[in-house]
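Peer 1: Here is what each chain is made of, one letter per residue.
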Amino acid sequence: MSVAIKIHHVSKKFGRRTVLDNVSFEVPSGCVFALLGENGAGKSTLIRGLLGFHKFASGSVEVLGKNPTKETMQLRRMVGYVADQPGLYEWMTVAEAGWYASGFYAAGYLERYSQLAIEFNLPLDAKVRDLSKGMRAKVALSLAMAFDPQLLVLDEPTSGLDPLVRRAFLESMVDRAAAGQTVFLSSHQIQEVERVADYIAILHAGKLQVVAKLDDLKAEVTMISYSLRDPLLPSPVEFDRTEILSSSQTGRSFQLLVRGFKPEIQELLMRDSNLFDFKAVRPNLEELYIGFTQPTSDSGPLVPSPRTPVSEVA
Amino acid sequence: MQLSIEPNNGIPIYEQLIRQVKFAVAEGVVVPGQLVPSVRELAKSLAINPNTVQRAYLELQNEEVIETLRGRGMAVCSGAKRRCVSDRQLLLGERLTAVVDEAIRSGLDVDRLREMFEKAIKQALRTEGVTE
Numbered sequence: 408m409s410v411a412i413k414i415h416h417v418s419k420k421f422g423r424r425t426v427l428d429n430v431s432f433e434v435p436s437g438c439v440f441a442l443l444g445e446n447g448a449g450k451s452t453l454i455r456g457l458l459g460f461h462k463f464a465s466g467s468v469e470v471l472g473k474n475p476t477k478e479t480m481q482l483r484r485m486v487g488y489v490a491d492q493p494g495l496y497e498w499m500t501v502a503e504a505g506w507y508a509s510g511f512y513a514a515g516y517l518e519r520y521s522q523l524a525i526e527f528n529l530p531l532d533a534k535v536r537d538l539s540k541g542m543r544a545k546v547a548l549s550l551a552m553a554f555d556p557q558l559l560v561l562d563e564p565t566s567g568l569d570p571l572v573r574r575a576f577l578e579s580m581v582d583r584a585a586a587g588q589t590v591f592l593s594s595h596q597i598q599e600v601e602r603v604a605d606y607i608a609i610l611h612a613g614k615l616q617v618v619a620k621l622d623d624l625k626a627e628v629t630m631i632s633y634s635l636r637d638p639l640l641p642s643p644v645e646f647d648r649t650e651i652l653s654s655s656q657t658g659r660s661f662q663l664l665v666r667g668f669k670p671e672i673q674e675l676l677m678r679d680s681n682l683f684d685f686k687a688v689r690p691n692l693e694e695l696y697i698g699f700t701q702p703t704s705d706s707g708p709l710v711p712s713p714r715t716p717v718s719e720v721a
Numbered sequence: 006m007q008l009s010i011e012p013n014n015g016i017p018i019y020e021q022l023i024r025q026v027k028f029a030v031a032e033g034v035v036v037p038g039q040l041v042p043s044v045r046e047l048a049k050s051l052a053i054n055p056n057t058v059q060r061a062y063l064e065l066q067n068e069e070v071i072e073t074l075r076g077r078g079m080a081v082c083s084g085a086k087r088r089c090v091s092d093r094q095l096l097l098g099e100r101l102t103a104v105v106d107e108a109i110r111s112g113l114d115v116d117r118l119r120e121m122f123e124k125a126i127k128q129a130l131r132t133e134g135v136t137e
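Line order of the protein sequences matches chains G and Y. The numbering of the first sequence is my numbering, which starts it at 408 and goes up by one. The numbering of the second sequence is my numbering, which starts it at 6 and goes up by one.
Hints in this document: simulated from the structure, not taken from any laboratory. The beta-carbon is built from N, C-alpha and C at its ideal position, and this holds for glycine as well. Hints may be right or wrong, so weigh each one.
Among the chain Y residues that face chain G by a calculated CB cut under 8 Å, a handful are [unchecked claim]: (1) Pro12; (2) Asn13; (3) Gly15; (4) Pro17; (5) Val41; (6) Pro42; (7) Val44; (8) Lys49; (9) Asn54; (10) Asn56; (11) Gly76; (12) Arg77; (13) Ala80.
Rough simulated footprint, nothing fancy, chain Y against chain G, three-plus residues with beta-carbon under 8 Å [what the hints assert, rightly or not]: (14) 568-581; (15) 600-613; (16) 650-656.
Can you build the whole structure from these sequences, using the hints too?
Peer 2: This is the structure in structure tokens:
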């Protein structure tokens, strides 16, 4: 499997604040890869660095086999990019914006742009300054897709857009991916990411928390909840055999997100007479996201603390 | 065939797809020989990842629910209906087991559970009788 984006030990500081802290991962070609993280987690900084808008303090990146800071122009011809606040010339009409951009790309750009603009119901003779936020986003997406880029990079593409426009964006992304192209997006819309993404990476305060195939992650992580009859007795030791990603407690009820939970462990737990109302379910992405960004909320003395597994469960 | 996906209900999307296609075949909504939407079409119309659709279709092919018609796309296999009906019963059985399990674990009396079960059956038959 070839790789569209390689990120290797990348760090970045703004003044004394560390925005990206030793981030490494790869984006395989032909997949939809979603970057999740809170506001200020470093998503946009990472994306902008991938496109050569700034240099990283350390580490290296390769996008479609190019070095973004050395081969910026070549790279930008290959990557479609929609920024979170697209920079468009306000005085141009929708048609003029496409005509202007077509000068930077191969022949056929303008035809494809017009086709996309019509599919998105954009008024071709309207000035950009008179467009709504959703329409501007559609112009930016049409500009980014008109040259059939191998890689489409979208920085929070659907934030602040109405459900219909968001749906149109998602459909476009899916269609890109179906055509074998790579889509790399950052988003807060967890439900949307859950629909469209093959892979996810979670950034939290500049650090990479997890990068995984979404299906695999869902299969290996279990959300467990249980209550204790006597909350003063120690918590069951069986959880030592799993990797606890996060835990929280309300009264005598506990909720844990664990990796490596096995049916054998469940059988042992069921024999614990102090334990009742036990449930083990597959978490959804929102629960995973919360688990990875807020490890251990209110750890009382009864809650097992997060730890790495002592020994692998066979 | 109308499919609807709930990305966050805990059941993987490809599994939801497999189930819904099977249920549609079991119900006779799609009949043997009928074409199903292409991977790209279905992915776009549901706004879900095409690899997910591909995975579901592969599984449905392995289970001989759908087959490739050369140059025409994918269609429902002959004999798929019988398989889908029994799959649906299997799935219902699983759900029923889970409910019974929960009832027993919550300390419900077995006779009381039987009563509830009989009552639910009667109620279902009654509503069925009204709609018929």
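Peer 1: If a hint holds in the structure, say so; if it doesn't, say that too.
Peer 2: Hint-by-hint comparison with the structure:
Given the 8 Å rule on beta carbons, the hint for Pro12/Y holds: about 4 Å separates it from the nearest Cβ of chain G. Contact between Asn13/Y and chain G, as hinted, is supported at the beta carbon level, the nearest pair being about 4 Å apart and thus within 8 Å. For Gly15/Y, the suggested interface contact is upheld, since its CB lies about 5 Å from the closest CB of chain G, less than 8 Å. Interface hint at Pro17/Y: satisfied, since its Cβ lies 6 Å from the closest Cβ of chain G, which is below the 8 Å cut-off.
Here the hint on Val41/Y is broken, as its CB sits about 16 Å from the closest CB of chain G, past 8 Å. Hint status for Pro42/Y relative to chain G: violated, with the closest Cβ pair at about 12 Å, above 8 Å. Hint on Val44/Y holds. Least Cβ distance to chain G is approximately 7 Å, under the 8 Å limit. Because the smallest distance between the Cβ of Lys49/Y and any Cβ of chain G comes to about 5 Å, under 8 Å, the interface hint for this residue holds.
The restraint placing Asn54/Y at the interface with chain G holds, with a minimum CB-CB distance near 5 Å, inside the 8 Å limit. The closest approach between the C-beta of Asn56/Y and any C-beta of chain G is roughly 6 Å, which is under the 8 Å cut-off, so the hint is satisfied. Restraint check, Gly76/Y versus chain G: the minimum CB separation of about 19 Å is more than 8 Å; hint violated. For the restraint placing Arg77/Y at the interface with chain G, the shortest Cβ-Cβ distance is roughly 19 Å, beyond the 8 Å limit, so the hint is violated.
Checking Ala80/Y against chain G by beta carbon gives a least distance of about 20 Å; that is not within 8 Å, so the hint is violated. Counting residues of the segment 568-581 of chain G whose CB falls under 8 Å from any CB of chain Y gives 4; the rule of at least 3 is met. Under the rule that three or more residues need a Cβ within less than 8 Å of chain Y, the assignment of the segment 600-613 of chain G holds, with 5 such residues. Figure legend: the segment 650-656 of chain G, annotated as covered by chain Y; annotation inconsistent (0 residues with Cβ-Cβ distances under 8 Å, at least 3 required).
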